[in-house]
Amino acid sequence: MKLKHLIAIVLFSVAGYNSFAQYNNLVIPDTISGTTFNLNLKDTFKQFLPGNQTVTGGINSDFWGPTLLFNKGDTVHMNVHSYMNDSTTVHWHGMHLPAVMDGGPHQIIPPGTVWQPYWLVTNQAATYWYHPHLHQMAEQQMTTGLGGFIIVRDAEEAALALPRTYGVDDIPLALTSRNFDATNAFLCCTRAYGDTGMVNGTLHPQVTLPKQYVRLRILNAEMERGYNLGFSDNRSFYIIANDGGLLNAPVSATRIKLLVGERAEIMVDLGGDAVGSSIDLVAYNAGQEFGFGGGEPSATGNFGSLLNNRNFNVLHINVGATTAGAITSVPATLASNTYLTTADATVSRTVTVTDGTPGPGGLPFQFDHTLYNFDTINKTVVLGTTEKWTVINNNVFGHAFHIHDVEFKIVSRSSHPVGAYEGGWKDVFYLQVNDTVTFVAKFNDYADPIHPFMYHCHFAPHEDGGMMQQFVVVDATGVGNTEKPSGDFNLYPNPAGNKLNISLTDPAMQVYYITITNSQGRTMCMLPRPQLGNGIDISAYAPGVYFLQLTDEKTKQSMIKKFVKE
Amino acid sequence: MNRSIFSTVCAVVLTAAAVFASSFTVADNKVVSDFKLKNVDGKLVSLKDFPDAKGFIIVFTCNHCPFAKLYPPRLNALNDQYKKLGVPVIAISSSDTVLYDEDSYPKMVEKAREEHFNFPYLYDNQQTAVRNFGAQKTPHAFVVWKENGKWVVKYNGAIDDNGADPSKVSHRYVADAVDALLAGKEVAARKTRSIGCQINLRK
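Heads up: the sequence lines are chains Y and G, in that order. For the first sequence, our numbering assigns the number 276 to the initial residue and increments by one for each residue that follows. For the second sequence, our numbering assigns the number 197 to the initial residue and increments by one for each residue that follows.
It is worth saying that the hints were derived from the structure and are not from the lab. Just so you know, even glycine gets a beta-carbon here, dropped at the ideal spot from N, CA and C. Just to be clear, a hint being listed does not mean it is correct.
What the hints assert, rightly or not - Label pairs and their in silico Cβ distance ranges: (1) Y:Asn773 <-> G:Asn328: 43 to 51 angstroms; (2) Y:Phe455 <-> G:Asn321: 30 to 38 angstroms; (3) G:Arg309 <-> Y:Lys831: 42 to 50 angstroms.
Said to hold, decoys possible - Partial chain Y-side listing against chain G, Cβ under 8 angstroms, derived: (4) Asp318; (5) Thr319; (6) Phe320; (7) Gln322; (8) Gly326; (9) Asn327; (10) Gln328; (11) Val330; (12) Asn360; (13) Pro386; (14) Gly387; (15) Ala457; (16) Ala460; (17) Ser573; (18) Arg797.
What the hints assert, rightly or not - Each computed DSS-like pair below joins lysine-lysine, with the alpha-carbon atoms no more than 30 angstroms apart: (19) G:Lys399 <-> Y:Lys317; (20) Y:Lys321 <-> G:Lys364; (21) G:Lys250 <-> G:Lys232; (22) G:Lys250 <-> Y:Lys317; (23) Y:Lys774 <-> G:Lys303; (24) G:Lys399 <-> G:Lys244.
Using the sequences and the accompanying hints, generate a full structural model.
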């Protein structure tokens with residue numbers, strides 16, 4: 276009897292210890308709200324494993340970055356300050372904004388530079404994200420941990436009874452995986468899939484969620500792996516939002532597939548669970564169709580990993596006490612989206628996945644046999660046009676197709692009927708093997724013949740390998756209107772103290788871009804379409820000679836003037 | 197009988213010597229050449245300026261790298277401990293200062309003053325020393341030893357095995373190597389992987 280008790284106690288404490296040692300508490304990224312957002316990108320380090328720390332990239336943190344809370348209708352101003360060793364870019368994934376603010380491969384931020392894009396938030400309430408987008412460096416820089424969530428809120432979403440207490444019943448989950456070498460450094464980029472899963476930079480994560488409906492904002496932040504997510508007891512949950520907004524009505528499901536870059540907001544009911552019980556969010560990745568990233572059966576090699584072709588736990592959820600104001604039901608209707616249809620489209624385009632021949636001398640995946648070229652505009656879209664794009668993949672592997680500038684509506688899919696789970700506004704979709712997907716999008720508001728937007732496969736190795744192309748949106752009425760000579764400008768005071776002012780000789784002149792460099796050629800700041808009313812803050816600059824390059828909005832011609840900082 | 201024992205012993209000794217020699221070649225007995233680089237005090241420093249040195253702890257480091265930033269107190273401690281035993285610390289920054297403003301010479305001078313460096317901090321602006329040693333990361337340590345008038349690399353790699361938390365260090369690779377060499381023994385761990393930021397070499 277006593278012995279039995281003793282054994283029970285020993286077993287219990289062993290089990291208790293194991294569960295304690297097995298899980299780490301999920302990191303919930305800090306939030307920033309308001310209209311001015313300071314993001315400091317830096318090389319740093321984080322303790323992932325026992326022993327040495329792992330060199331990482333962080334944004335205001337040691338891995339990943341803060342969650343930016345935007346309100347639709349606000350103009351948000353970003354101060355992106357790079358303290359990194361490398362040049363980088365920061366792309367606002369899913370945001371509808373001017374191309375010069377987009378943070379694609381052209382808006383390169385040199386080390387030590389502040390980049391200050393801003394835009395009016397017109398996106399619907401949903402979960403977006405930001406991440407580096409420097410061509411051929413995206414995988415490496417994302418692997419270090421650079422990135423973060425954006426949550427857009429709007430009146431329509433606010434009027435609904437949905438969980439929205441961040442970190443309590445509204446939880447962002449960035450799913451990814453990594454490989455560590457013998458010194459605990461991240462391995463990049465020979466293997467497409469990590470052996471060690473992580474959520475928000477937490478290995479073996481656990482989180483306590485209240486006994487009620489909770490909302491999970493799930494992002495596939497992988498390099499190439501897909502996730503076929505469900506709960507360990509196969510319970511149903513509700514998909515309430517796609518990449519770019521709430522669905523018209525919740526969609527009940529037991530699984531949801533998210534390929535790289537895709538987001539979904541789901542609501543799951545923990546109201547029937549006992550406090551103290553637990554449930555796992557699981558990647559049911561065993562036995563996926565060929566071409567699903569991470570479905571390859573090998574455990575090793577460039578396309579293998581310990582998590583491949585198997586089911587694995589993503590997040591351990593412990594059920595805690597119900598909170599005040601708990602959400603106990605899912606609204607029957609969520610939004611009243613008016614979706615675009617094929618009939619709205621006046622231009623049709625086709626993009627075909629080609630190449631991707633394996634082995635030495637093989638060609639990387641590309642669109643229409645055309646690798647990404649920094650200086651080539653592959654497509655020109657006229658502002659205000661609704662277009663139908665058909666993406667064809669009769670090739671050897673799956674892809675995650677992403678297009679910048681717009682949220683689109685998938686109107687057809689050859690592999691299976693368009694699912695209700697992907698029936699909302701999207702900016703990434705899973706392009707299976709032997710799949711033809713057609714979507715409709717309207718290219719509104721922002722024309723710019725100089726700075727292109729991208730469309731690409733969001734598998735980082737594919738994108739870096741050149742499976743990316745560029746389009747510009749042009750204003751049909753303004754194209755080629757470069758006859759007007761550029762105006763001139765003056766800098767004052769010169770020498771300057773803390774503020775540098777600019778006066779334009781022609782009051783109708785608009786400024787497209789300002790870049791200030793020091794006498795060594797180091798870029799101090801990059802100001803797309805700057806608002807110059809209050810001058811430019813140069814208080815942090817060392818005394819010396821600087822050069823200000825101003826590009827005219829209409830003519831796109833650049834002029835350089837020198838000034839002295841006292 | 198005696199002769200046969202003797203010859204067996206000889207054979208064993210020869211085999212052992214051969215194994216020893218081959219393990220030595222494997223362990224990379226690289227000879228590095230001297231350098232002449234500007235210190236933060238403005239003076240040029242070379243290895244030959246230390247005629248009494250038995251060896252050196254040479255650490256490639258820089259200002260900006262978050263991992264390099266963890267080590268100045270440990271470098272001061274290593275120099276305190278080993279300089280008096282004839283093995284001084286020399287730190288070298290080979291960082292590309294065009295790429296990284298924080299690693300410029302004036303900022304190195306500031307850093308050495310702020311962190312009270314008790315060892316030379318040299319500016320390898322032509323990146324000759326880093327190429328000679330083959331340093332990869334900041335920090336990347338080398339223990340070199342004087343053998344027949346030459347400088348032989350006896351240890352190459354990390355300073356120790358925990359950057360952020362000195363209390364959790366379980367292997368002080370550099371100190372262990374110097375202790376072994378001072379005791380006339382072979383270094384157990386001749387090579388580890390250095391951890392930190394890549395030193396970008398200009399073409």
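Structure versus earlier hints, numbers of those that do not hold, lowest first = 17 and 22
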